[in-house]
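**Student:** The listed protein sequences derive, respectively, from chains A and B.
Under my numbering, think of the first position of the first sequence as 1455, with each following residue one higher.
Under my numbering, think of the first position of the second sequence as 1455, with each following residue one higher.
Check before you lean on any hint, since a few could be wrong.
Pairs involving identical chains hold if they fit within one copy or between any two copies, as the list cannot separate such chains.
Stated by the list, open to error - Cut-off 25 Å, straight-line C-alpha distance, at most; resulting in silico cross-link-like pairs (BS3-like, lysine-lysine):
{"hint": "1", "residue 1": "1596", "residue 2": "1749"}
{"hint": "2", "residue 1": "1729", "residue 2": "1740"}
{"hint": "3", "residue 1": "1749", "residue 2": "1645"}
{"hint": "4", "residue 1": "1532", "residue 2": "1740"}
{"hint": "5", "residue 1": "1713", "residue 2": "1755"}
{"hint": "6", "residue 1": "1659", "residue 2": "1642"}
Source of the hints: derived by calculation from the structure; they are not laboratory data.
Note that the structure is predicted; figures quoted are calculated from it, not measured.
There are 2 protein chains.
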Amino acid sequence: MSLIVAGTVAFDAIETPFGKTDKIIGGAATYISLASSYFTESPGIISVAGEDFPPAYIKLLNDHGISTEGLEIRPGEKSFFWSGKYNADLNFRDTLVTELNVIEGFKPEIPDSYQGSEFLMLGNLSPDVQISVIEQLQYRPKLIVLDTMNFWIENTPADLKRVISMVDVLTINDSEARELSGEYSLFKAAKKILTMGPAYLIIKKGENGALLFYEDKIFFAPALPLEDVFDPTGAGDSFAGGFIGYLASIGEVDFESMKYAIVIGSAMASFCVEKFGTENLVNLSKPGIYNRVQKFVNLVKFNAKEIL
Amino acid sequence: MSLIVAGTVAFDAIETPFGKTDKIIGGAATYISLASSYFTESPGIISVAGEDFPPAYIKLLNDHGISTEGLEIRPGEKSFFWSGKYNADLNFRDTLVTELNVIEGFKPEIPDSYQGSEFLMLGNLSPDVQISVIEQLQYRPKLIVLDTMNFWIENTPADLKRVISMVDVLTINDSEARELSGEYSLFKAAKKILTMGPAYLIIKKGENGALLFYEDKIFFAPALPLEDVFDPTGAGDSFAGGFIGYLASIGEVDFESMKYAIVIGSAMASFCVEKFGTENLVNLSKPGIYNRVQKFVNLVKFNAKEIL
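So that you can see chain A by itself, here it is in the shape it has in the complex (with noise of 0.2 Å):
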């Protein structure tokens, strides 16, 4: 196995200006695992599920490579569930249900099969599940990359703090940089950041693109202008499992190589954000990436040349 993917399945219900949707499977190591499939062979997800997560939706991971082994299903109990609606611009969004269920107390548990892989992608889950994830390891991965969210900066920084430490890449949106930091600008967040520990950071932008800071050098990767964006959610973990998924299929982990997979992270949220849920993201074509990414190519291309 060469990644491994931490992170919650889950039940979504999502409303957005465009239409609304029921039950459908979402959670972050489903976008993860699901994008990356696309780039590496047999990503592996460690995740928590009750008794009334559907077989079918097991099965769909399957059919895209992903190995379940490290999936629980816990017997008697239910799933998470998340539910959100979105304001008109897609910018905003109030959480309209959280259903902890399974997740409360979740104690990861590594598949002897998962042990030795290279990459590993720490979707958002609590910080103390995802050090122990890291602590199972029997190899120290070649990269790994976290996630996650406003929520553990303000209740368990130093749980936060402790995991930050110990990864590779942090990936972030803007505001969470912000909060991490205290600093507005985001130049000075980046510095601040990259003492904490990694030695690469992802700031996300959303429809603004993502920046990539190592040392003191910065790389932009842009999102592509979309006809229509139908629903943000598990935008940030398509990028990142684009992003993971990359890197795990070439093996590189230096700087030059991650502003590529930044450009394919972008894609891939760019195919996720058209439909809702994961519904565009389970039915790529490899040709379709590959021209989606080409658009990503063309949008930041110029010829520089002498001035003054």
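Add chain B to chain A, keeping to what the hints say.
**Tutor:** The following block gives chain B in isolation, referenced to the frame of chain A:
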């Protein structure tokens, strides 16, 4: 003369979280012509000021090679004055005072020495004044670039649409593009605006970069993450000045040249916001500009590789 710049010259009094200024030199024509002066020989401005406008300010423009023959000084009248206060994150500003003074009823007159110019930049002014400038030119410039703002979209939509239909490039910010088109998606907004006349549309997104739309093509230029932003006043005009100044210097008006021109415009805007008013813009060096442009070039440079 290669470039005519029409727009306001003004007194600005600016307050940001980092300090406040007394009345300093401002106005669209001031920022545009200063930024363009680093690229093109003797741009000439079309504007109007009152007798309170200090000769030192005119000398400042002349010292940058800017012709002020088209700057009318009206005896017994006062210059345009604007005062504004920015919020904590500099994303919004309240206008505290707007005294139109000489701007009201301004009838521009084009000096003979300006005739035959190949580039025309119409900075923010009322659309009927912008139209009057175009109609007084004996020779249709190779490139006409138009800037405007929400005030004209709301108050003189018919005149604004007429001037939009007469130009080659329209440059507006994202909220203005949405207001002008009635579309939230910038992709759809751009499609609609390109049917109004201009072959090219630039949508400025401030700290989130700028988009160039042409036929079915899109180019994106990022903004550089800056350590400190002191004062956003004049950023859009500095962008426009760098953009058209560079094009005037090479004499090209095709899509490929415009891409690099937008990168240069973005670099000039980045200088502008690092200090108050025109403070940074009046003191640039050619190597300093070159180095800044290189940072923009490197910011988005990556090697696209085979995937999948």
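**Student:** None of the hints should be skipped; say for each whether it holds.
**Tutor:** We went through each hint and held it up to the structure:
1. Within a single copy, residue 1596 and residue 1749 get their C-alpha atoms no closer than 30 Å, and across copies no closer than 30 Å, so neither meets the 25 Å cut-off.
2. In the homo-oligomer, the alpha carbons of residue 1729 and residue 1740 lie at most 25 Å apart inside one protomer (18 Å), although the nearest pairing across protomers, at 48 Å, exceeds that limit.
3. Taking CA atoms no more than 25 Å apart as the test, residue 1749 paired with residue 1645 passes between copies only; the shortest distance there is 17 Å, against 31 Å inside one copy.
4. In this assembly of identical chains, the alpha carbons of residue 1532 and residue 1740 never lie at most 25 Å apart, being 35 Å within a copy and 65 Å across copies at closest.
5. For a Cα distance limit of 25 Å, the shortest separation of residue 1713 from residue 1755 qualifies both inside one copy, at 14 Å, and across copies, at 8 Å.
6. For the identical chains of this complex, residue 1659 and residue 1642 are neighbours both inside a copy (16 Å) and across copies (21 Å), given an alpha-carbon limit of 25 Å.
Hint compliance for this structure: hints 1 and 4 are not met, and every other hint is.
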